[in-house]
Amino acid sequence: MDNIFVICEIEDGKVADVSLELLTKGRSLANQLNCKLEALALGHKLKGIEDQIYPYGADVVHVGDDKRLEPYTTLPFTSIIMELFKKEKPQIALLGATTMGRDLGPRVSSALQSGLTADCTALEIGDHEDKKAKKTYKNLLYQIRPAFGGNIVATIINPDCRPQMATVREGVMKKEVFSKTHKGTLKTIDAGAILKPEDNVVKVIERHIEKNRVNIKNSSIIISGGYGMASKENFSVLYELAEVLGGEVGASRAAVDAGFADHDRQVGQTGVTVRPKLYIACGISGQIQHTAGMEESSMVIAINNDPGAPINKIADYVITGDVMDIIPKLIKSYKKNSK
Amino acid sequence: MGLKIIVLAKQVPDTRNVGKDAMKADGTVNRAALPAIFNPEDLNALEQALRLKDKYPGTTVTLLTMGPGRAADIIREGLFRGADDGILLTDRAFAGSDTLATSYAISCAIRKIAKYDLIIAGRQAIDGDTAQVGPQVAEKIGIPQVTYGEEIYSVEKGKISMKRRLERGVETVECPVPAVVTINSSASACRPRNAKLVQKYKHAQTITERQNQAEDYIDLTNDRPYLNIPEWSVNDIESDLQMLGLSGSPTKVKQIENVVFQAKESRKIQANDQEIEELVKELIANHTIG
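First to last, the sequence lines map onto chains A and B. Taking my numbering as reference, the numbering of the first sequence is continuous, increasing by one, and the terminal residue is 1542. Taking my numbering as reference, the numbering of the second sequence is continuous, increasing by one, and the terminal residue is 464.
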């Protein structure tokens, strides 16, 4: 009762990073609320999966192992979670804001008639006073997320319904081992007793798993281009700079929408959150949608022809001028000085 | 045998271009201050429906939208592009709905429509980016869902076959119909308006719009019933009032903050060779690069 649940995502026998990040956050929330952290792992051939989860601080790991749970489809997962939540009555349930979490979360929240906040960028514990009803709520989950295209940040609460559900994108929370030797309790879910034939009406006929072509999240240097790059062709100078510096190319949502770069390079609220050592923002105005995904970079260089661009306010270095003129100068100067 | 398809669409403020005056004092969005558009991914959804209509003669496409009176604009937009008809679900009782209360209202309207083979919606709307309404509608009606769709291959023998686009690849799935399917922006773009359809439907209006219009148009719907856009209020659907609007919304907005950029002390570098070279040297010296 009243514990925090993290619904883990498992790919090829490995717990996804986003789930470990949520476990880390869940651990700290559980300490604050003085409750337990429980994890749920559903899939097939999961033997030993709990050992990947315990080090992140889970007190209990529920495992449901059944061939009907692999690959993921909505209905069998929903049935098992409904059954488990009815029994366990968690106060908080967290999921990754992945295609799985964003498919499963709303289905479960609708069935439970509880609320769900998508794509949170921060989770905190706090109180709430309902002045109209003269009622005070203690220790609610503040679900904080940008809304309205990232122009506002809203704190969403869920005063009366449980669990308070939220999804969080990969890379937003930090993943940290709680204790290498930490052990919890393993609880086995009898999936066979819960699943009904009508849960398995959706069939996955074919699946190509492709590794992400680019993984900008792990790059320590990111050169990002925005709408101000003006064309896909102009992005080539960014690739060139990225290659000499050993970095990756990122892009703003506007640049991706305009077709200058692929979506897997998108940095920001609806893309990836990055924390590189160096972030060079080229032709990016710096809407919150974008800065939400890069403001924790150790160093930011903004290159923009608009001296009043908002990105300049969070930059360590501001170069005002034409990107297509400045980047080649940077490349030339680096080649000259790095030897 | 044609299909009966419902497309869920939303009129959204164009959040890609937000001005400063777009927020009201109570923290809610002042939609009137922004251009209102057809939610982009709902257009992708409409295109998938129209392709099924091209493929299976006799198919009809009905747009269903919930919103204020002016959301009739997107129904007209859909008619111009090939939808057969549209319904505007509009009532003060829906105001303040979160995704769950919205899904409930929409599911009640779908129950009233009663006959359908497929419900198609955009993956998410650009004002909230939640991607919740599609799956929640499916749950409320009690039918399966397939999200993140990119292409519908076929709807035959009571099954839909379609492609999903996920983080690391694609999936082909089969699902019995009726089902709710949501479509990504990676799917084909919606076809443009058709000039003949624009001519046919340019005077299509809801009753509220007709009441506010010049009288000339009032008689038009007598001869041409297709120019009437049905307007459903809470009295036209069977629903539990407690589950609509604010009272039906488990999530509440506690606080809204306008985004403030924190000023850092930034150094200005002139765009000349000399200053850029000094910067590069500095970055190499402090091991940021190199």
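Hint data in this document are derived by calculation from the structure and do not stem from the laboratory. Fair warning: this is a prediction, and the values are worked out from it, not measured in the lab. Treat the hints with care, as some may be off.
Stated by the list, open to error - Which residues of chain A face chain B? A few of them, derived with a C-beta cut under 7 Å, are:
1) L1236
2) N1237
3) R1305
4) D1306
5) A1314
6) C1364
7) I1397
8) L1398
9) P1400
10) R1410
11) L1481
12) M1502
13) I1534
14) S1536
15) Y1537
To be verified - Covered, in the sense of this in silico footprint (three residues per stretch, anywhere, with C-beta under 8 Å from a C-beta of chain A), are these stretches of chain B:
16) 271-279
17) 448-462
Stated by the list, open to error - Here are the simulated lysine-lysine pairs, DSS-like style, with alpha carbons at most 27 Å apart:
18) B/K333 / A/K1406
19) A/K1335 / A/K1248
20) A/K1217 / B/K229
21) A/K1399 / B/K331
22) B/K428 / A/K1335
23) A/K1406 / B/K337
24) A/K1420 / A/K1377
25) A/K1335 / B/K426
26) B/K337 / B/K229
27) A/K1538 / B/K289
28) A/K1406 / B/K289
29) B/K428 / A/K1337
30) B/K426 / A/K1480
31) B/K426 / A/K1341
32) A/K1334 / B/K289
33) B/K455 / A/K1535
34) B/K426 / A/K1239
35) A/K1435 / A/K1538
36) B/K178 / B/K227
37) B/K428 / A/K1538
38) B/K331 / B/K178
39) A/K1406 / B/K227
40) A/K1399 / A/K1386
Ideal placement from N, C-alpha and C gives every residue a C-beta, glycine not left out.
Verification of the hints:
no.: 1; hint: L1236; verdict: violated (18 Å)
no.: 2; hint: N1237; verdict: violated (23 Å)
no.: 3; hint: R1305; verdict: holds (5 Å)
no.: 4; hint: D1306; verdict: holds (5 Å)
no.: 5; hint: A1314; verdict: holds (5 Å)
no.: 6; hint: C1364; verdict: holds (4 Å)
no.: 7; hint: I1397; verdict: violated (17 Å)
no.: 8; hint: L1398; verdict: violated (15 Å)
no.: 9; hint: P1400; verdict: violated (12 Å)
no.: 10; hint: R1410; verdict: holds (5 Å)
no.: 11; hint: L1481; verdict: holds (5 Å)
no.: 12; hint: M1502; verdict: holds (6 Å)
no.: 13; hint: I1534; verdict: violated (10 Å)
no.: 14; hint: S1536; verdict: holds (4 Å)
no.: 15; hint: Y1537; verdict: holds (5 Å)
no.: 16; hint: 271-279; verdict: holds (count 4)
no.: 17; hint: 448-462; verdict: holds (count 8)
no.: 18; hint: B/K333 / A/K1406; verdict: holds (11 Å)
no.: 19; hint: A/K1335 / A/K1248; verdict: violated (52 Å)
no.: 20; hint: A/K1217 / B/K229; verdict: violated (42 Å)
no.: 21; hint: A/K1399 / B/K331; verdict: holds (23 Å)
no.: 22; hint: B/K428 / A/K1335; verdict: holds (13 Å)
no.: 23; hint: A/K1406 / B/K337; verdict: holds (12 Å)
no.: 24; hint: A/K1420 / A/K1377; verdict: holds (12 Å)
no.: 25; hint: A/K1335 / B/K426; verdict: holds (14 Å)
no.: 26; hint: B/K337 / B/K229; verdict: holds (17 Å)
no.: 27; hint: A/K1538 / B/K289; verdict: violated (68 Å)
no.: 28; hint: A/K1406 / B/K289; verdict: holds (24 Å)
no.: 29; hint: B/K428 / A/K1337; verdict: holds (15 Å)
no.: 30; hint: B/K426 / A/K1480; verdict: violated (38 Å)
no.: 31; hint: B/K426 / A/K1341; verdict: holds (15 Å)
no.: 32; hint: A/K1334 / B/K289; verdict: violated (45 Å)
no.: 33; hint: B/K455 / A/K1535; verdict: holds (12 Å)
no.: 34; hint: B/K426 / A/K1239; verdict: holds (26 Å)
no.: 35; hint: A/K1435 / A/K1538; verdict: holds (25 Å)
no.: 36; hint: B/K178 / B/K227; verdict: holds (9 Å)
no.: 37; hint: B/K428 / A/K1538; verdict: violated (53 Å)
no.: 38; hint: B/K331 / B/K178; verdict: holds (14 Å)
no.: 39; hint: A/K1406 / B/K227; verdict: holds (25 Å)
no.: 40; hint: A/K1399 / A/K1386; verdict: violated (33 Å)
Hint compliance for this structure: hints 1, 2, 7, 8, 9, 13, 19, 20, 27, 30, 32, 37, 40 are not met, and every other hint is.
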